[in-house]
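For the protein sequence lines, the chains are A and B, in the order given. Residue 95 in the working numbering sits at position 95 of the first sequence, and the numbers go up by one each step. In the working numbering, each residue's number is its place in the second sequence (first place is 1) plus 365.
One thing to keep in mind: the hints can contain errors.
Part of the chain A face toward chain B, derived, beta carbon under 7 Å [unchecked claim]:
no., residue
1, G80
2, D154
3, K157
4, R164
5, G174
6, A178
7, V179
8, A181
9, Q182
Hints listed in this document are in silico derivations from the structure and should not be mistaken for laboratory results. We put the CB at the ideal spot given by N, CA and C, even for glycine.
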Amino acid sequence: MLHLEHLTLSHFRSHRRAEVHVDARPVAIYGPNGAGKTNLIEAVSLFSPGRGLRRASAQEMARRPESLGWKITGMLRAGGDAHEVAFTSEGGASRNVTIDGKPAPQTALGRISRVLWLIPSMDRLWIEAPEGRRRFLDRMTLSFFPDHAQATLDYEKAMRERNRLLKDEVRDAGWYAAVEAQMARTGAVLTANRQSALARIAAAQAGAETAFPAADLELTSTEADIPEDEAGLRAALAESRFRDIAAGRTLVGPHRADLYGVFAAKGIPASDCSTGEQKALLISLILANARALAADTGAPPLLLLDEVAAHLDAGRRAALYAEIGALGAQAWMTGTGPELFEELGEGAQRLEVTEDAGLSVVRAL
Amino acid sequence: MSRPNRSEIDTLIDLLARLPGLGPRSARRAVLFLIRKRGILLQPLAEAMQAVAQNARECLNCGNVGTTEICEICSDDTRANGLLCVVEDVADLWAMERAGAFRGRYHVLGGTLSALDGVGPDELRIPQLKDRIAGEEITEVILALNQTVDGQTTAHYIADQIEDRVALSSLAQGVPIGGELDYLDDGTIGAALNARKRL
């Protein structure tokens, strides 16, 4: 079972020093607003590639006003395998990762841990710009395909190159073709990974007994249809060159993809559902993702659910806790008071986070 | 902070600290070591550096670094076997030479295509490459470029420019000598499987 056993934060956000020892059970974190609960689960979110659940820079994560740099260490256990992971950032530089004492690229984290999260800013996911939905989709995809992170980096690098050619109005067709070949190669991998992830989520939803509504998901595009295969994408990029020069950026490709969700039982688009229904759909997707991963890899991912309990009535809350319990996932959940986690009973461990003179204090109960 | 009346030793430490892989601390250690071994190390090193400073130059033909206008490899007739290996950098050329497996000639591009860094085809030695293919009766060009986005973009660009003039090949990708499958990433295993060969 994948879980964190031990987590220490040093000069990270509101925590000057915090040390947490936990077992594989869910972790309920409660305390008043602004005490530093989300900062704790943000630290956990860094155990997957990327910028964590707030998408913040390493500099923003430093405790202020000192801004000395910060450090997070954790012991990650999956079955018999344990890895000591450490992150450090000094002088505002991006975070350095070491796994078992050896420097490692961020993408290596995807091979040893899988982390999924749901945070309040995602409540507007279905009605906001496609970028947020793409990010949500890519996080689900990354959980199934650790190499998705590298493919994304490579695709974006090639696209930045092409965008610079467009901006500089370079007319060398050979140069465009060379860059587009890289975009097409990596872009086809991105699309295939995304499609495959959606298929797995759909299968996990179909086979589940859950109190949360199922969502039908489809990969769409903000532009005309995006070709899915390498050759098609390459041709589409070549064809789009003149239009792209006028726009000064690349208008076709998987970076323009969108995720379309439908409330399956009612047949209406997720964007037209009530706020509560939209939230329930997201929870349902996260749980389906976790079930699919548990079936695939034998271990559910780490789940980070920020302020999720507060938006559910007692019945739904109990259903959520029961599903997390059945999954066996180490779910890190935050809420303002202990009453939100009563339904968990002995099935969870509890941490109280309070604030004292500008510092977060974490207490195990 | 610079001090007035800095000694020559401080200057030497500062200069060494600028070298790749060295910092102020390791530079100080190196200088102390050199001073202690003045006769057997410091003096010969100073002379060798003096000689290189006077004579080092880029080969006009391939871009390798040597001490003559045309480097040893380009002036060795036995290496004119029709094979030309294209590399990004002199360090890559030296790596190939250390392996000792290649007996043809090289062409050093001096970087990779990168619009973001302002490096275009004219900043690389691509025009010279085209001239050499015609002038040196090259039969096969081996693209030994790094497996990065920039390296592969450059390989694709060069291939597009010369594919109708000469046979083209690239280095194989797969399991390194002495490598264990368990330690390989998924991409390398996939590439190795695609490039499998019959026993």
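Each hint tested on the structure:
1. Interface hint at G80(A): violated, since its Cβ lies 16 Å from the closest Cβ of chain B, which is beyond the 7 Å cut-off.
2. Annotation: D154(A) was flagged as interfacial toward chain B, and the flag holds, the nearest CB pair being 5 Å apart, inside 7 Å.
3. For K157(A), the interface hint holds, the least distance from its beta-carbon to any beta-carbon of chain B being 5 Å, beneath 7 Å.
4. Nearest Cβ of chain B to the Cβ of R164(A): about 4 Å, under the 7 Å cut. The hint holds.
5. Taking 7 Å as the C-beta contact cut-off toward chain B, the hint placing G174(A) at the interface holds, the least distance being around 5 Å.
6. Hint status for A178(A): holds, given a least beta-carbon distance of 4 Å to chain B, under 7 Å.
7. The beta carbon of V179(A) comes within 5 Å of a beta carbon in chain B, closer than 7 Å, and the hint placing it at the interface holds.
8. For A181(A), the interface hint holds, since its Cβ comes within 7 Å of a Cβ in chain B; the closest pair sits about 5 Å apart.
9. This hint holds: Q182(A) has a C-beta 5 Å from the nearest C-beta of chain B, less than the 7 Å allowed.
Checked against the numbered hints listed earlier, the structure breaks hint 1 alone; every other hint is satisfied.
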